[in-house]
Structure formats: C-alpha cells, structure tokens
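Asks: Note that the protein sequences, when read in sequence, are chains A and B. Just so we're aligned, residue 1 is where the first sequence starts under our numbering, counting upward by one. Just so we're aligned, residue 161 is where the second sequence starts under our numbering, counting upward by one.
One thing to keep in mind: the hints can contain errors.
Claimed, not checked - Below 30 Å or equal to it, Euclidean Cα-Cα: the simulated DSBU-like pairs (lysine-lysine) are:
no. : chain 1 : residue 1 : chain 2 : residue 2
1   : B       : K186      : A       : K72
2   : A       : K26       : B       : K186
3   : A       : K26       : B       : K205
4   : A       : K98       : B       : K232
5   : B       : K205      : A       : K72
6   : B       : K205      : A       : K98
7   : A       : K26       : B       : K232
8   : B       : K237      : A       : K45
9   : A       : K77       : B       : K205
What the hints contain is simulated information worked out from the structure, not anything from laboratory work. None of these values were measured; they are calculated from a predicted model.
Protein chains: 2
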Amino acid sequence: MNFFEQIKVGDVYALGSHTFGTDEIKSFASRFDPQAFHMDEEAAKLSHFGALCASGWHTASVWMRLMVDFRKAEAEKFRARGEPVAILGPSPGFRDLKWLKPVYVGDTITYQSEITAMRLSQSRADFGLATLFSFGTNQHIAPVISFVSAVFVPRLPQQQ
Amino acid sequence: MNFFEQIKVGDVYALGSHTFGTDEIKSFASRFDPQAFHMDEEAAKLSHFGALCASGWHTASVWMRLMVDFRKAEAEKFRARGEPVAILGPSPGFRDLKWLKPVYVGDTITYQSEITAMRLSQSRADFGLATLFSFGTNQHIAPVISFVSAVFVPRLPQQQ
Numbered sequence: 001m002n003f004f005e006q007i008k009v010g011d012v013y014a015l016g017s018h019t020f021g022t023d024e025i026k027s028f029a030s031r032f033d034p035q036a037f038h039m040d041e042e043a044a045k046l047s048h049f050g051a052l053c054a055s056g057w058h059t060a061s062v063w064m065r066l067m068v069d070f071r072k073a074e075a076e077k078f079r080a081r082g083e084p085v086a087i088l089g090p091s092p093g094f095r096d097l098k099w100l101k102p103v104y105v106g107d108t109i110t111y112q113s114e115i116t117a118m119r120l121s122q123s124r125a126d127f128g129l130a131t132l133f134s135f136g137t138n139q140h141i142a143p144v145i146s147f148v149s150a151v152f153v154p155r156l157p158q159q160q
Numbered sequence: 161m162n163f164f165e166q167i168k169v170g171d172v173y174a175l176g177s178h179t180f181g182t183d184e185i186k187s188f189a190s191r192f193d194p195q196a197f198h199m200d201e202e203a204a205k206l207s208h209f210g211a212l213c214a215s216g217w218h219t220a221s222v223w224m225r226l227m228v229d230f231r232k233a234e235a236e237k238f239r240a241r242g243e244p245v246a247i248l249g250p251s252p253g254f255r256d257l258k259w260l261k262p263v264y265v266g267d268t269i270t271y272q273s274e275i276t277a278m279r280l281s282q283s284r285a286d287f288g289l290a291t292l293f294s295f296g297t298n299q300h301i302a303p304v305i306s307f308v309s310a311v312f313v314p315r316l317p318q319q320q
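Could you build the full structure based on these sequences and the hints that come with them?
Replies: Set out below in structure tokens:
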C-alpha cells in the first residue's frame, strides 16, 4: 500500500502469522481484559471457552502490528528503488468486527487484508479513502476474526 | 449488567475515566501499533496529529478494561446481597467503531455504555443478546471514540 494511484481494488496483502503464547495472552488480559478465561487456565476450563484464550482486542491489535510491519517493509522497498514513500493518513474507524472463534494458547493466526473499495476523499483533495476487508485464520484454516476498516491514503502529488 | 431479565434498553453504565500517560501510550504502541506518531514526540509533531497520541486500539482496549472492572464491581454488589451473579457470555463482535478525535498525552477519557437493544438468542435458549452503544469523551467533552457492540447475557435460570 503506497500512494492512492498505486493501489487498486482486489490488491491482497499477506500480513504474516502470529502464534499466541500463554504469557502474552495473560499480559494483554491483565492490562485490558482481566476476565478469568483470559487469565487463568483452570478458570478457563470451566468457562464457555473451555481453555485459556486471547482477548478479542488482543487478536485485533496483533493485526494492527502486522499491518504496520508490512507497511514498513513495503516502504523500505519503495525507498530502496528511489521511489517516493506515502505517509498513510489516519484510520477513521472499523465496522463489522466479528470474533468468529476463540484464539487458544498456541494457535497460529495468519492475517490477510484486501482492498475492497476506493474513493477520493471529499474533505481532503490530497487523499483517497481505501476500504479493506481483513481476516485472520487459525492453523486449521478456520476464520477467527474479520472486519472492515478504512484508511486515508495520500494521492501522488502530481495527481491532485 | 447481570441477568438478561435484570437489564433493559436505556440502561446506562458510567464506566469511569482513564488518563492516558506518555509511557503507556508508547508501551502499547511499541507492541501493537509502532507508528511514529504513537512512539516519538518529535515525529508526532510533524505528523497529521501534531502531537503524541494513543493508538486507536489502545483507546478501545481501555474501554474493555473499564467495562470489565465495572462488571466486577457490580457482581460484588449482587454477591454482597446474596443474589446470583451472572457470568456473561462472549461478545460476537462490534460494529461502527469510529475514532473521532486523537487521544493526546494527558487526555482524560470518560467512557459510557448504554443498552440500545435486547433480544433472546436464537441459538442458545439460556442466553439473550444485548446491544450496547459505547463512547468515550475527552476532558473538553468532545467524543473521541464510539462503537456498537454485542454481548451474550445469561437468562435467569427460572425464566429459560
């Protein structure tokens, strides 16, 4: 994802994978979602989840991390070729976030995002708005999270 | 929020406030959203935000923390009165999450959730589904985040 004119509907970003470990699940939960089934193995066994699993906000936040890492790696490639690098604008938000299955200790979630819509910004002539459909699947190829997000993408200077 | 029969559309939960400090903003960002405007004061000054601000996922995750704390305090009250305490079910997700304004260092965000819809679960006779509209406002009473979430709420045993 670089300048608005360099991306198109249907572009797919393979963001890579993350394996959720016990310590990080408990660490995130202790700060932001201290429910027993995210904090304690024995309590989790008795819960509707049946075993320790990650906070849904943790699963979502890991997508953000992989997306930022992906963008940085992509920016490096543009920079290495001597091409201008776009500084992405803010995201106005998300919709339709679904936690489809629990993410248990040891699950490896593979994330992917796809551009599903693009339009010029009505408020800022130098930006377009891209819509992405993102999801994560576990090692059994079962989707665990999906959502639709939007991000402001700068236009190539000569195109504005 | 306790059993399905004990809550109603229009119930408002004042979840309290959180002041976002520099260290926690950088700490969250370093793990989940390592963009310069969440990590470095000087880089943030040059960004579209103009100053160091929290990751949107951080702002959202703090809502979860305050909601869990609120539920625990409520459960204590029911327990103290000798009344049964509901164990809330999982959340299937949320929709329409909007990051309306940046959350800068030192901003105090006050969160509130309101039940906007309720229905019985089609898949589980012992649960209902509550829809909540939640938002956070800063110290200038400007909304910074809002979203609609859903949560499974157990029915009173004798009502199933």
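Asks: Take the hints in turn and mark each one as holding or not.
Replies: Status of the hints after comparison with the structure:
| no. | hint | in the structure |
| --- | --- | --- |
| 1 | B:K186 with A:K72 | holds, 18 Å |
| 2 | A:K26 with B:K186 | holds, 20 Å |
| 3 | A:K26 with B:K205 | violated, 34 Å |
| 4 | A:K98 with B:K232 | holds, 25 Å |
| 5 | B:K205 with A:K72 | holds, 20 Å |
| 6 | B:K205 with A:K98 | violated, 35 Å |
| 7 | A:K26 with B:K232 | holds, 18 Å |
| 8 | B:K237 with A:K45 | holds, 26 Å |
| 9 | A:K77 with B:K205 | holds, 26 Å |
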